[in-house]
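So the protein sequences, as listed, match chains A and B. The numbering of the first sequence is our numbering, which starts it at 1 and goes up by one. The numbering of the second sequence is our numbering, which starts it at 1001 and goes up by one.
What the hints contain is simulated information worked out from the structure, not anything from laboratory work. Ideal Cβ placement from N, Cα and C applies to all residues, glycine included. Worth double-checking, as some hints may not be accurate.
[What the hints assert, rightly or not] Pairs of lysine-lysine, DSS-like flavour, derived with a Cα cap of 27 Å:
#, chain 1, residue 1, chain 2, residue 2
1, A, Lys107, B, Lys1107
2, B, Lys1423, A, Lys118
3, A, Lys427, B, Lys1329
4, B, Lys1054, A, Lys118
5, B, Lys1239, A, Lys115
6, A, Lys92, A, Lys54
7, B, Lys1118, A, Lys104
8, B, Lys1239, A, Lys54
9, A, Lys423, B, Lys1054
10, B, Lys1329, A, Lys422
11, A, Lys427, B, Lys1218
12, A, Lys148, B, Lys1423
13, B, Lys1218, A, Lys115
14, A, Lys423, B, Lys1422
15, A, Lys422, B, Lys1422
16, B, Lys1422, A, Lys104
17, B, Lys1115, A, Lys422
18, B, Lys1422, A, Lys118
19, B, Lys1092, A, Lys219
20, A, Lys92, B, Lys1104
21, A, Lys92, B, Lys1218
22, A, Lys218, B, Lys1329
23, B, Lys1239, A, Lys422
24, B, Lys1218, B, Lys1239
[Stated by the list, open to error] Partner residues are not named here, just some residues of chain A that face chain B (Cβ under 8 Å, in silico):
#, residue
25, Pro94
26, Ala183
27, Ala193
28, Leu306
29, Lys307
30, Ile308
31, Glu414
32, Arg417
33, Ile425
There are 2 protein chains.
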Amino acid sequence: MSAFKALRMGIRKTSMDGSVFDMRLEGKVVIAQGGGPTPVINQSLVGAVLESRKFTQITRVYGAVKGIEGIVDENFIDLTQETTHNLEMVAKTPSAALLSTRVKPSKEFCLEIYKTFKAHNVRYFLYIGGNDSAETVRLVNNYAEEDKYEFRAMHIPKTIDNDLVENDHTPGYGSAARFVSNAFLGLNLENRALEGVHIGVVMGREAGFLTASSVLGKKYDDDGPHLIYIPEREFDMKKFLADVDRVYRERGRCLIAVSEGIKDRSGQFLSSKFIERTGKDAFGNLQLSGSGVLGDVLASAIREKLKISRVRADTLGYLQRSFAEIVSKVDRNEAREVGERAAQFAIWNNIDGSVSIQRTGNYSVNYVLKPLADIAGKSRTMPEKFINESGNGVTDEFVGYVRPLVGDGVAMAERLRAPMVKKIINKAGGAR
Amino acid sequence: MSAFKALRMGIRKTSMDGSVFDMRLEGKVVIAQGGGPTPVINQSLVGAVLESRKFTQITRVYGAVKGIEGIVDENFIDLTQETTHNLEMVAKTPSAALLSTRVKPSKEFCLEIYKTFKAHNVRYFLYIGGNDSAETVRLVNNYAEEDKYEFRAMHIPKTIDNDLVENDHTPGYGSAARFVSNAFLGLNLENRALEGVHIGVVMGREAGFLTASSVLGKKYDDDGPHLIYIPEREFDMKKFLADVDRVYRERGRCLIAVSEGIKDRSGQFLSSKFIERTGKDAFGNLQLSGSGVLGDVLASAIREKLKISRVRADTLGYLQRSFAEIVSKVDRNEAREVGERAAQFAIWNNIDGSVSIQRTGNYSVNYVLKPLADIAGKSRTMPEKFINESGNGVTDEFVGYVRPLVGDGVAMAERLRAPMVKKIINKAGGAR
């Protein structure tokens, strides 16, 4: 029986406040990082390492090099011997310091992970990643249970997509959202200065959270993005062109935020029609990021159908998840704390599960442990209340939701407000 | 005769130190911004406005809305009435606060500009832009000379491309370089964590300065970018693939920085072979930015010819020139000061020309006025001493050149240095 299930059933004596301490499981901790990077994923790593090192029942804290590949290959580094100072420096560095992997673990692979753990007397597994990683943690934990090997398995949340269920939001999202906000603030100013239509393609295969954060720099009435398209809504090219045409006629310009994961009526990724030349990743996910095809195709459609000459497209790409100097302090702090809490839940409270972030105020959070099975392999999308009626924008409620996550001091634009000068020559229609 | 020429010939009594003050030209100042944005172009605007407003012979300081289009259409705003506080806020905002234009002025257009100036008793024209803008200033100035209309024309340098002749570097470059440095720092960490080949396409049609700045985040021996391709060197696909193959075999990964403006042996832009669907801008320049085609084509070539499966490409695009939160303090200060100095040269010293930045120490600069004709319409590329022998990288001398320009506090990456753990199971070749 899993420790978590036992706890919920009230048959364990360990309590969440740590006051009862009936079990002291001695052994090693293994920490690993999985999937794509975020600017704050190393905060979680360092939080988990430093917290684990405090407990006397922990004999060693290992880091698995290259995620679960490193576990099976026994490529561990001994983080017990890493200096605290260097850990703090690494915490400020984006992307997985332990390196990562895109390997999709089979059941057999998870069994190999478990066997390696047992051989090394590893009693705690803390895995930082998305819902695929949570599933890995769950499978490894199941093998330990079957084998009656005392073992605590913990999933530490991480994803810029913000698509984990049972979480208000996930570490990594706030910093990526801040990057996207900055990007669109600049693109809006560029689009205002030079006119035309500008498209920005944002990461997000299934969830539109990151694309939606493009609104954060909006301040004046006519600021863009004027249109936002997310995977939660069917993408219809005809409606899209009508939207762009309307905005362009009205304002003389149009800034558009588009998720890489927009799909047509049949549920096919719009980009996949044009993207045969790139492969799929090991999870069978289409590789949409890093390719400019979707933006270029939409730009071409606008140019040809709407006869607008200045149409530009940017694909924000991989910069969104590893840009060192754009970090939300809120995101950084929470990423640190989910790592610390994971170690505490596993070692102090002697239970396993997935650490989740719950919003408790405006703005404060609590970290609540959830069963692995509730998180593993599942993903969430934008709630209806965050999407506008036309399906081409977001609501004020979304803005209220996302604003605290990007931290303070986010750049805002200011405009000149000086009065116009009376014309002297006043040629009708100007000189051109 | 131009005031500058007169000064050089020694027949004017105005001296550069401002001690002799034989001429006091009363009238209006017009300030305009041209071409693409930079994160610090409004610093130059605000410097020029605030400095101009100090002089009693200046009756008004106008801003031309949408560059030279706004001049001909008499779309001026009266910046004399703008608050100092709001100007300071605008200074911190990227992209042209006066809006911009890509219109290529004909001689007739420049005559219209001159006529508008005369009608409004404009005696000073301060134009912030690149070498195209300098040419416009020169042409308008010529009309004033022909008409014997007392007039001071000043070009204020601005370009992220860093391609103005007679300058050590140009305002806008340092901040854009800092963005590129951040981008490649993150891409290097991503590439190290997940392996494969990653390509980053950087702005720069003719000059490789911005692409070269991708090296600034390199710290450890194996950090990327490992290969850099710039317009100054002929791009040969065969050599490129051999380079990538060598690095990949050696390191198991490869990060590549490529200028959008790389050309083949015939001098044709590599991207133009694949980019028919996008247009040309009004200057006849091919529109390379914002399209992912070049990166995708290079990625495909690597995938197909070298049989490497994980190949990704990012096109940094328009974010490079308008990202609000990535600003070099050095760049910001210099952008401010070239604006101030332009107003001083024109109004105090009563001369015209182009304000240039000269490096005088390590690190300090002087602002030296150059004749318009020396800057106008000309562009420079990377000096030979900045390019490595193989033509696929930069020299230490370039790093020394660029480092002070991006300002202090640039993000650097840190690595874990903990020792490896001894294997217990030690399967030959690992589990997979």
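Hints, one by one, checked against the model:
1. Using a Cα cut-off of 27 Å, the hinted pair Lys107(A) and Lys1107(B) is violated, with the two alpha carbons roughly 74 Å apart.
2. A C-alpha spacing of about 13 Å is found between Lys1423(B) and Lys118(A), which places the hinted pair at or below 27 Å, so the restraint holds.
3. With a C-alpha separation of about 43 Å, the suggested pairing of Lys427(A) with Lys1329(B) is violated against the 27 Å cut-off.
4. Between the alpha carbons of Lys1054(B) and Lys118(A) the distance comes to roughly 78 Å, so the proposed pair goes past 27 Å and is violated.
5. For the given pair, Lys1239(B) sits about 47 Å from Lys115(A) by alpha-carbon distance, which is inconsistent with the 27 Å threshold.
6. Distance hint between Lys92(A) and Lys54(A) is fulfilled; the C-alpha atoms sit about 21 Å from each other, no more than 27 Å.
7. At roughly 72 Å between alpha-carbon atoms, Lys1118(B) and Lys104(A) are farther apart than 27 Å, so this suggested pair is violated.
8. Taking the CA atoms of Lys1239(B) and Lys54(A), the gap is about 54 Å. The hint is violated against a cut of 27 Å.
9. As the CA atoms of Lys423(A) and Lys1054(B) are separated by approximately 25 Å, the hinted pair is consistent with the 27 Å bound.
10. Pair hint Lys1329(B) plus Lys422(A) does not hold up; C-alpha atoms about 38 Å apart against a cutoff of 27 Å.
11. Among the hinted pairs, Lys427(A) with Lys1218(B) is inconsistent with the structure: their alpha-carbon atoms are about 56 Å apart, more than 27 Å.
12. For the given pair, Lys148(A) sits about 24 Å from Lys1423(B) by alpha-carbon distance, which is consistent with the 27 Å threshold.
13. A hinted pair counts as satisfied when its Cα atoms are at most 27 Å apart, and Lys1218(B) with Lys115(A) does not qualify at roughly 39 Å.
14. About 82 Å separates the Cα atoms of Lys423(A) and Lys1422(B), which puts this hinted pair outside 27 Å; it is violated.
15. For a cut-off of 27 Å, the pair hint linking Lys422(A) to Lys1422(B) is broken: about 81 Å separates their Cα positions.
16. Of the pairs offered as hints, the one joining Lys1422(B) and Lys104(A) holds, with about 26 Å between alpha carbons and a cut-off of 27 Å not exceeded.
17. With a CA separation close to 16 Å, the supplied pair Lys1115(B) and Lys422(A) stays within the 27 Å bound.
18. Proposed proximity of Lys1422(B) and Lys118(A) is supported: the alpha carbons are some 15 Å apart, at most 27 Å.
19. Distance hint between Lys1092(B) and Lys219(A) is fulfilled; the C-alpha atoms sit about 15 Å from each other, no more than 27 Å.
20. A threshold of 27 Å between alpha carbons decides the hint, and for Lys92(A) with Lys1104(B) the separation of about 46 Å lies outside it, so the pair is violated.
21. Between Lys92(A) and Lys1218(B), the direct Cα distance comes to roughly 16 Å. Compliance with the 27 Å bound is thereby established for this hinted pair.
22. Distance restraint check for Lys218(A) and Lys1329(B): the Cα-Cα separation of roughly 25 Å lies within the 27 Å cut-off, and the hinted pair is therefore satisfied.
23. Restraint check for Lys1239(B) and Lys422(A): not satisfied, since their Cα atoms lie roughly 61 Å apart, outside the 27 Å limit.
24. Taken as a hint, the Lys1218(B) and Lys1239(B) pair is honoured in the structure, with Cα atoms around 24 Å apart against an allowance of 27 Å.
25. Here the hint on Pro94(A) is kept, as its CB sits about 6 Å from the closest CB of chain B, short of 8 Å.
26. Restraint check, Ala183(A) versus chain B: the minimum CB separation of about 5 Å is within 8 Å; hint holds.
27. Interface restraint check: Ala193(A) against chain B, minimum CB-CB distance 4 Å, threshold 8 Å, status holds.
28. Nearest Cβ of chain B to the Cβ of Leu306(A): about 14 Å, over the 8 Å cut. The hint is violated.
29. With 8 Å as the threshold, the beta carbon of Lys307(A) stays out of range of chain B, its nearest partner Cβ sitting at about 12 Å, so the hint is violated.
30. Contact between Ile308(A) and chain B, as hinted, is not supported at the beta carbon level, the nearest pair being about 11 Å apart and thus beyond 8 Å.
31. Taken as an interface hint, Glu414(A) checks out: its beta carbon lies about 4 Å from the nearest beta carbon of chain B, inside 8 Å.
32. For Arg417(A), the shortest C-beta to C-beta distance to chain B is roughly 6 Å, which falls under 8 Å, so the interface hint holds.
33. The restraint placing Ile425(A) at the interface with chain B holds, with a minimum CB-CB distance near 5 Å, inside the 8 Å limit.
Hints 1, 3, 4, 5, 7, 8, 10, 11, 13, 14, 15, 20, 23, 28, 29 and 30 from the list above are not met by this structure, while the remaining hints are.
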